[in-house]
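Construct the entire structure; sequences and hints are all you get.
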Amino acid sequence: MTEPATSSNRPPTFRREQALLLEVHNLSKRFGGLQAVKDLTFTVGEGEIVALIGPNGAGKTTAFALISGFLAPDSGTVRFAGRDLRGLKPHEINALGLARTFQIMRPFPRLTVVRNVMIATLGRHRDTREAERRARAVLDEIGLGAKAELPAGVLTLAERKRLELARALGTEPRLLLLDEVMSGLTDAETERIVELVRALNRRGIAILLIEHVMRAVMSLAQRIVVLNYGERIAEGRPEAVANDPRVIEAYLGDEEVTRAPA
Amino acid sequence: MWAAALAVAVLLALPAVLSGYAVTIFILIFFYAFLAQAWNVVGGYAGQLSAGHAAFVGVGGYTAALLFERGVTPWIGMFAGGALAAVLGAIIGYLGFRFGLRGFYFVLLTVAFAEICRILASNVEAVGGAVGLYITFTGNPRQFQFQDQRAYYYIALALMLLATGVTALIERRRFGIYLTAIREDETACEALGVDVLKYKLLAMIVSSFLAGLGGTFYAFQNFSLQPGAVFGIPLSVEIVIRPIIGGAGTLLGPILGSFILTPLGEVSRSYFGQSGLHGAHLIVYGVLLVAVVLFLPQGAYPYLRKLLSRRNIA
Amino acid sequence: MAVGLTLIFGVMRVVNFAHGDMMVWGMYLAFVLATRAGLDPYLAFPVCAVALFALGVVVQRGLVDPIIEAPHEMQILLMLGVALVLENTALLIFGPEPARVRSPLARLAWEVGPLYVDVARLVTFAVAVVLTLALSLFLYRTDLGRLIRASADNHYGALVIGADVRRIYATAFGIGAACVGAAGALVSPILPFQPPTGLSLSVTSFNIVIIGGMGSLVGAFIGGLLVSVAESLGAVFLRPSLKELFSFSLLIVILLFRPAGLFGKRTP
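Going line by line, the protein sequences match chains A, B and C. The numbering of the first sequence is the numbering used here, which starts it at 1 and goes up by one. The numbering of the second sequence is the numbering used here, which starts it at 263 and goes up by one. The numbering of the third sequence is the numbering used here, which starts it at 577 and goes up by one.
By construction, these hints were calculated from the structure, which means they are not laboratory data. These numbers come from a predicted model, not from an experiment. C-beta: ideal position from N, C-alpha, C; glycine also. Mixed in with the good hints there might be a few duds.
Unchecked claim - To spell it out: a stretch of chain C is covered by chain B in this simulated footprint if at least three of its residues, at any positions, have a beta carbon under 8 Å from a beta carbon of chain B; those stretches are:
{"#": "1", "stretch": "613–620"}
{"#": "2", "stretch": "643–655"}
{"#": "3", "stretch": "664–670"}
Have a look at this one:
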């Protein structure tokens with residue numbers, strides 16, 4: 001059951017012209033008795049927006065940790081821009097142009113907002129002035145410019161989500177992994193983030209996002225990969241995935257399934 | 263900037279008017295501020311609590327003293343001592359950081375290494391064993407020996423300014439900015455492309471090198487080295503407590519801490535020590551430490567600054 | 577015979593710098609009770625336990641509690657301060673000379689075949705086993721005990737289910753201190769002690785807690801056994817002055833190759 005033959009599994013035609021940026025192949029990770037990710041295979045093309053969705057505990061965040069080097073996979077490979085990421089540390093992977101955000105935001109609470117972003121920009125710009133200039137530019141773009149001098153610890157939830165995004169952006173990535181940057185936000189705030197992500201994508205940054213806010217996923221993603229119990233159960237265009245019976249079953253069956261012993 | 267220049271000018275002129283006893287106190291203030299500043303790089307900025315910095319002082323002092331016995335001037339031995347201390351710092355740092363020891367476990371690791379140094383030094387006769395090393399007095403400035411205590415005053419002041427200058431340089435550069443972030447959240451740093459292991463290790467090396475330099479000063483100011491005194495936990499406590507009380511991770515915190523604690527420690531030591539009550543100054547330190555943690559967790563310096571400029575209340 | 581006291585350290589898993597010093601206070605209390613009131617340490621240990629329980633609750637309530645949400649580093653520094661005060665107050669009051677409590681039991685020995693069994697050690701061991709069993713019964717069989725274990729696992733979770741976490745922590749800390757006090761009294765006839773003894777006791781306890789880990793009875797027992805066997809072996813092959821060297825080296829090795837799963841919780 002590694003390659004479920006869903007109707008949506010056909011490679012969509014638009015992907016042919018795109019160079020592959022991220023290639024995840026047969027990735028697996030087990031925690032004790034729990035198979036968190038199982039034989040996961042998918043790709044993200046240059047400049048593409050792909051969403052990773054699935055019920056709680058489906059292995060999405062684990063997949064992110066495996067791709068970004070925070071966890072080592074039991075088996076399988078991750079290639080980024082043609083390069084095998086095996087054995088690379090998170091900061092090395094970041095230097096290659098793959099940045100991630102954390103679902104549980106991790107700002108540096110006692111540093112100012114601009115310092116927070118400078119930690120990211122300093123990687124590419126050793127000169128602190130240049131790094132600060134870039135950090136401010138990113139903050140302006142993301143709408144946090146007015147808060148630059150505040151310690152990050154005092155920001156609101158929505159602002160911290162944006163700071164998380166700003167920092168990832170500050171590393172000048174080619175691929176951005178966004179882990180639930182919209183959950184818990186009001187509709188208006190969500191809409192602003194959606195616009196922001198779209199703008200980043202227009203600049204050529206590919207995006208892989210984990211998201212539960214389906215409206216945002218539907219409007220942003222060009223392709224959706226659905227996980228359940230660590231396995232890919234469907235993949236394809238948003239409309240096709242939304243109507244896929246397996247996906248509907250996974251979500252509706254969620255309640256009973258999660259209670260059953262895995 | 264002007265205030266700093268003025269302060270340095272005052273400190274330079276001070277020995278002219280100070281009594282001999284006051285000069286000795288100032289020597290201790292500067293020397294401990296220097297060690298505290300060295301600790302501050304790794305303990306304050308990078309947030310890696312080392313409770314074994316005495317080990318670096320000891321290694322530095324023993325190196326210089328042993329080299330001196332073989333005819334090498336301490337002016338060179340000092341840097342050899344610093345280098346060896348830095349090697350020890352690199353080993354401790356690499357083990358601690360590579361194996362992911364944080365917080366309490368890193369504290370334990372540093373204490374364990376310092377204690378091992380102390381026990382080894384007390385048991386190896388070649389380095390003086392439990393008696394320690396005594397340095398023959400020559401009074402020759404080329405051998406780091408001076409008749410006049412004021413010479414030590416200026417050297418201690420220079421050391422303090424050196425460490426503060428190094429820290430100020432680090433603070434402004436990428437290195438220092440990274441360290442402040444590492445203190446807050448190492449995982450987030452890694453995600454943002456920061457080589458956490460490398461920068462923590464660098465901080466440890468800079469810090470232990472400076473502390474190692476201090477060992478030479480200690481040896482040639484006291485003309486003796488005892489394992490318990492230079493490797494022991496009490497010295498490590500002296501080093502840690504100053505920046506914590508003055509303000510860890512701030513440039514002036516360790517100096518302020520030393521100006522508060524050194525006279526206090528000396529007074530209570532001589533006052534209670536005369537009545538045979540040793541360790542009383544450590545009670546004072548302990549109480550202060552508890553009070554600072556409870557009421558001024560950032561230390562005295564940031565608090566003072568807030569008092570002086572009421573506007574930045576974030 | 578370190579097993580006796582090590583059992584207790586292991587089960588509570590409250591690791592802090594002041595632990596060894598609290599134990600030294602337990603010893604001195606036994607010393608004072610023995611010399612002033614003529615109370616044998618083997619009878620006096622409950623008194624020491626109660627006194628240390630009170631001390632533990634006061635430290636937790638007055639000092640640790642206000643900064644329970646603060647970074648872990650602050651708690652380390654706080655306990656370092658407490659340890660400094662405790663150790664040096666003992667030094668101030670009792671002086672630096674080693675002390676030892678005399679108990680008539682300590683002079684008895686039974687001959688069992690080729691071995692001499694020290695009665696005092698046997699009694700210490702027996703009492704320690706009983707205390708440990710009682711403690712584990714308390715932790716695993718009573719509601720308060722379960723709550724303590726739950727809060728130790730997950731501070732936030734315990735808050736969510738509406739537990740009075742402050743009271744639970746105070747109790748846990750108090751019990752930890754009480755055990756240490758009792759242990760101090762119990763070993764006071766066997767082990768000569770002085771104020772700085774606290775540090776080496778702390779190191780031994782860290783060794784055991786980290787090896788045994790998990791607050792489990794079995795883990796503590798095995799940890800205690802391993803550490804005491806290792807330390808005794810070290811003492812046989814090395815000069816006595818190097819015995820300490822051995823325990824510190826052991827500490828480093830244990831820290832670096834610690835059993836997995838024990839540490840994750842403590843890092844923020």
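Verification of the hints:
| no. | hint | in the structure |
| --- | --- | --- |
| 1 | 613–620 | violated (count 0) |
| 2 | 643–655 | holds (count 8) |
| 3 | 664–670 | holds (count 4) |
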